[in-house]
Amino acid sequence: DGGITQSPKYLFRKEGQNVTLSCEQNLNHDAMYWYRQDPGQGLRLIYYSQIVNDFQKGDIAEGYSVSREKKESFPLTVTSAQKNPTAFYLCASREGNQPQHFGDGTRLSIL
Amino acid sequence: AQSVTQPDIHITVSEGASLELRCNYSYGATPYLFWYVQSPGQGLQLLLKYFSGDTLVQGIKGFEAEFKRSQSSFNLRKPSVHWSDAAEYFCAVGAGNQFYFGTGTSLTVIP
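Sequences listed follow chains D and U, in order.
Following our numbering, the numbering of the first sequence begins with 17 at its first residue and continues without gaps.
Following our numbering, the numbering of the second sequence begins with 3 at its first residue and continues without gaps.
The hints are simulated quantities; they were obtained by calculation from the structure and are not laboratory data.
From a predicted model like this one, the values you see are computed outputs, not experimental measurements.
Misleading hints may appear alongside valid ones.
[Claimed, not checked] The calculated lysine-lysine pairs, modelled on DSSO-like cross-linking and capped at a C-alpha distance of 30 Å, are: (1) D:Lys25 to U:Lys63; (2) U:Lys51 to D:Lys25; (3) U:Lys51 to D:Lys87; (4) D:Lys73 to D:Lys25; (5) D:Lys73 to U:Lys51; (6) D:Lys86 to U:Lys51; (7) D:Lys30 to D:Lys86.
Just need the whole structure built from these sequences, with the hints factored in.
Structural data, given as structure tokens:
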């Protein structure tokens with residue numbers, strides 16, 4: 017079945033460390049998105065990409081970086097510059113004006 | 003600017019009772035509207051979508067929603083709630099390349 021795979025499901029970060037969250041999709045969708053979810057705040061857009069080798073900042077891009085070298089992959093790096101990284105991270109993909117499809121998320125915590 | 007408001011942070015209903023979750027949006031053009039459901043620790047699952055045409059749309063799991071342009075609303079309804087409907091519900095508007103999400107409504111179902 018087609019879908020979006022996020023890994024790992026749980027991730028821990030030490031002070032000063034960069035960590036990378038994986039997002040892979042086999043839906044052949046052009047667009048991919050990263051959201052951060054905090055309790056009571058809904059989903060906030062970090063980065064999105066409409067095509068390979070191109071991406072745009074969302075509302076809360078500071079402290080994060082992404083790459084889009086392949087259509088099916090859109091990894092998110094949480095850098096040491098992100099001072100409050102503890103959150104639930106969701107990856108999504110979309111084709112045209114159709115609804116977004118979501119992965120099952122990665123929960124990032126600080127050690 | 004685009005925005006989505008879900009005025010109810012938390013709702014409690016009895017099993018078998020009817021349900022209505024409110025959603026108001028702000029968008030200059032004809033919106034694409036969506037309702038998603040999220041179980042704890044999971045991604046978002048699409049319940050239904052509105053693009054155009056009939057303003058009453060049917061979704062999965064017995065849910066429906068009605069688009070009212072005059073009220074800028076897209077409320078979600080279900081005639082008889084089941085215990086398995088307990089979850090977080092998000093309303094979203096698709097605007098160009100992006101989605102805008104409400105802050106969510108948490109639904110508790112009591113026996």
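Hint by hint, here is what the structure shows:
The suggested pairing of Lys25 (chain D) with Lys63 (chain U) holds, with an alpha-carbon distance near 27 Å, which does not exceed 30 Å. Distance restraint check for Lys51 (chain U) and Lys25 (chain D): the Cα-Cα separation of roughly 28 Å lies within the 30 Å cut-off, and the hinted pair is therefore satisfied. Of the pairs offered as hints, the one joining Lys51 (chain U) and Lys87 (chain D) holds, with about 26 Å between alpha carbons and a cut-off of 30 Å not exceeded. A threshold of 30 Å between alpha carbons decides the hint, and for Lys73 (chain D) with Lys25 (chain D) the separation of about 24 Å falls inside it, so the pair holds.
Between Lys73 (chain D) and Lys51 (chain U) the CA atoms are separated by roughly 26 Å; this keeps the pair inside 30 Å, and the hint holds. A hinted pair counts as satisfied when its Cα atoms are at most 30 Å apart, and Lys86 (chain D) with Lys51 (chain U) qualifies at roughly 29 Å. Of the supplied pair hints, the one linking Lys30 (chain D) and Lys86 (chain D) holds, its CA atoms being roughly 29 Å apart against a limit of 30 Å.
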